[in-house]
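**Q** Listed below are the residues making up each chain.
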Amino acid sequence: MTDRPGTRWRSYYLPRTLHPGAWWVWALGLAVAASRTTNPLLLALILAVACTVVVARRGDAPWALAFRLYLYVGAFIVLMRVVFRIVFGGNQGGTILFTLPTVPLPDWLAGIRLLGAVSAESVLGGFYDGLRLATMIVCIGAANALANPKRLLKTVPSALYDVGSAVVVALSVFPQLAESVQRVRRARRLRGGSGRGLRALRGILIPVLEDALDRSLLLASAMDSRGYGRSAQVPQGTRLVAGACTVAGLLGVCVGVYGVLDGTTPRYLGLPMLVVGLALAAAGFVLTGRRVRRSRYRPDPWGLAESVVAGSGVAVGLLLYGLLSVDPTNLHPSLFPLNWPQAEVSLVVSILVGALPAVLAPPTPLTVDEIRSAGTRHTADLVGVAP
Amino acid sequence: MIRFEDVTVTYVGAERPALRDVDLELPEGELTLVVGRTGAGKSTLLRAINGLVPHFTGGHLEGRVTVDGLDTRDHPPRELAHVVGMVGQDPLAGFVTDTVEEELAYGMEQLAVPPEVMRKRVEETLDLLGIAELRRRPLRTLSGGQQQRVAIGAVLTMGPRVLVLDEPTSALDPTAAEDALAAITRLVHDLGITAVVAEHRMERVVQYADRVVLLPGDGVVVSGPPAEVLAISPVAPPVVELGRVAGWSPLPLSVRDARRLAGPLRESLRLAGAPGAPSPDPLRPGAPPREVALEARKVVVRYGDVLAVRGVDLTLERGTVTALMGRNGSGKSSLLWALQGSGPRHAGTVAVQGQDPGTVPAKVARELVGLVPQSASDLLYLETVDAECAAADQESGREAGAARALLDRIAPGIAGDRHPRDLSEGQRLSLVLAVQLVAAPDVLMLDEPTRGLDYGAKDELARIVGELAAAGRAVVVATHDVEFVAHVAERVVVMAEGEIVADGDAAEVIGASPMFAPQVAKVLGPPWLTVSQVVEARLGILTGGAR
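So the sequence lines, in the order shown, correspond to chains L and G.
Straight run, no breaks: the first sequence in the working numbering ends on number 387.
Straight run, no breaks: the second sequence in the working numbering ends on number 547.
Looking at chain L on its own, in the form it has when it is part of the complex:
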């Protein structure tokens, strides 16, 4: 019994894929934290945390390898923000870095200035803003790299199942369309077409669309013969009520969110509307969900590891929210006067909590390993059979 904690730890640490929701909650926690501040030190730390966890815990599936794309998008956003500040006159503040020749504009464009003097304050302001947005995008990218987006769709409530499968099917159509365009373009060359111009477009578009239509009909008949859309018998009235509840509820949520975010709307349109909308939508979902009789193959369980991962993300979000409300000095580093951004130890530690999953989440199984071990199993069999 003495080795009990050891065994427990080992079984906790078995390689497995976590519930996709856990990674999304973690990533949203980081994103919320990032949205609260423009302090580049804190943002860089959040970025570093997200990257560390991705590197430590992502698999080798295609979606996991797309993380680099999100980093490129982030870098692009930062760059664009800075460039825009330079182009559209960034001379707020006194620290002029350099002066570009001003482009004279007609009178009716008064108020807009092209190029001219560029101040450090403007450039930094653009940089901070861009970095905040980039960090949030990288956080979302991290969630995408760590959790299979399609498995996330599978965990939606059963009332949304049909929408979910429509999205899944639509997603798989794009690679097929690309493939079909490539095939038809190649075929166009066989008829001597160059693959360019309006005539070629028609020659490519029509076969591709015909192909797509054929495929969707085949898919529809295959899904039909495999039981898609089987449903329990529900009286017409209940169906109508459920539909009405869902639509009204979602409308309520929209209005409510607007009310909460916009201070000028009457109070009763804010929080009360949001609550009523949510309740109505939930009722609608439950009613619709009752109609759907379906089970789920190998549902991702929510275990301790999931709670740890999700919890660390939520903790970062809450801690930063709390700490920055108490002491907002580090929230937005001062540009006027220009100061070095500061970061308190408590903030740094709070953000580092988000890096815990890099160590505490069970490792992700790699398909490469699986294929390799299947290979050795196979050869072992062969060796065993051979005399």
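Hints in this document: simulated from the structure, not taken from any laboratory.
Remember, it's a predicted structure, so these values are computed and weren't measured experimentally.
What you were told as hints is all true, and nothing was included just to trick you.
Here are the computed lysine-lysine pairs in the DSS-like style, where the Cα-Cα straight-line distance is at most 30 Å:
#1 G:K522 <-> G:K458
#2 G:K298 <-> G:K363
#3 G:K120 <-> L:K154
#4 L:K150 <-> G:K120
Covered stretches of chain L, as calculated for chain G (at least 3 residues, CB under 8 Å):
#5 176-187
#6 216-230
#7 296-302
Heads up, the beta-carbon is just placed ideally off N, CA and C, and yes, glycines get one too.
We have chain L already, so just place chain G on it with the hints.
**A** Positioned in the frame of chain L, the structure of chain G alone reads:
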């Protein structure tokens, strides 16, 4: 198990019913083979079993179809999913998810099978079909035979009593087809599943069938034991035709049966001597050398890390039909595209009339080498046959009507105002052939042309290919269809892993191969490839005897 009572199916706008007064009973645990020419109503019959006809396709169904006591009138396909498993022609088009395991589970999720049962059934099905090591593989990366087995597995997990398969082996190479068929027969034998299979390549399936349902073409059906039905069937596999020619009774259905009866025939053929080749043999020493039409040296094609073609040398001569064989993914298509010049080629040279089709503009390349790709309809994009022909004339700078004249020679009687999509598979192929031939290329290459063709259409294609070669063209046919190769090809080139592993006289290469030998060769031994050779030889014996 399956009962058709007085069933007549009429599609909207059709002149005559697709099925007429069908009375049919398919007992439990039998494997039924459905045969008939294209358009005879095979698919309609199969799709009526699970109610896709008329619930999904539209049209009017009179009479009653019941499966396991359930009437398809009251049960749409989704409500029959647990009784009838339906596998379509193109497995990839019917896949809903991305990975093997999820695909196997999809149907059960719809039936609300409890998770523990699902897990167990998925594992059992993986083992039953021998695809356990593929469980996490994305479906798109599987080979054709593997995809077909996954598609079978995906309906099998729902525990159906009936399995309906529409052309399960049409796109597969002989080895993969054996795999898929072995899986199907195993299900029939071990699990007592009732299977209904439609297949153009009857030679692959007929030996396993307990019953054959023949659709002669006017909407009626003839059903009975295979030997009886095939004796009167207009379409029959070579082994059956050989039996008819030799007058064997009972009619043999498998190569093994035929071999037992073939002793006397083999003896008499030995006296008659080796079969006369369909045309003078180019590879026979002493024959006058033929003019070279295409010369390729060290052709390399690669896709990323994958080497599709590794340094292939190939010389094509005028007036010869060459068959290019090999399993799926052995580099046949890549080689054809590289030789034509439209596909990638990373090293090597190709010369046709002193020009390299890969470096000249596409318009010139198609006057050197014509290629009919695997999905031939990709080349068609206009609304009528006439418009396609006119566009082809314009594209290749010929006088108006040249393509139409070619088409009439290849396949007479195709109305000019029809939409290319409404043509039969064989007619559409003829149209694409005409479009490509207008450019008058010296070399013509066909990639998998026999896909979806019935025996009649295949004979027609064999005639066209023979005529093209006789007119002095070099013709290359990449195909899995060994019987077709036996008919048309003088030379066979076999590829494996991007290299040429065998190249020579058709009788030598495929006659001796365990995988590619046609049925007649399996029965009578290597030099004999087709029934027509045997017929000719016997005629020779008879006339010789009279003299």
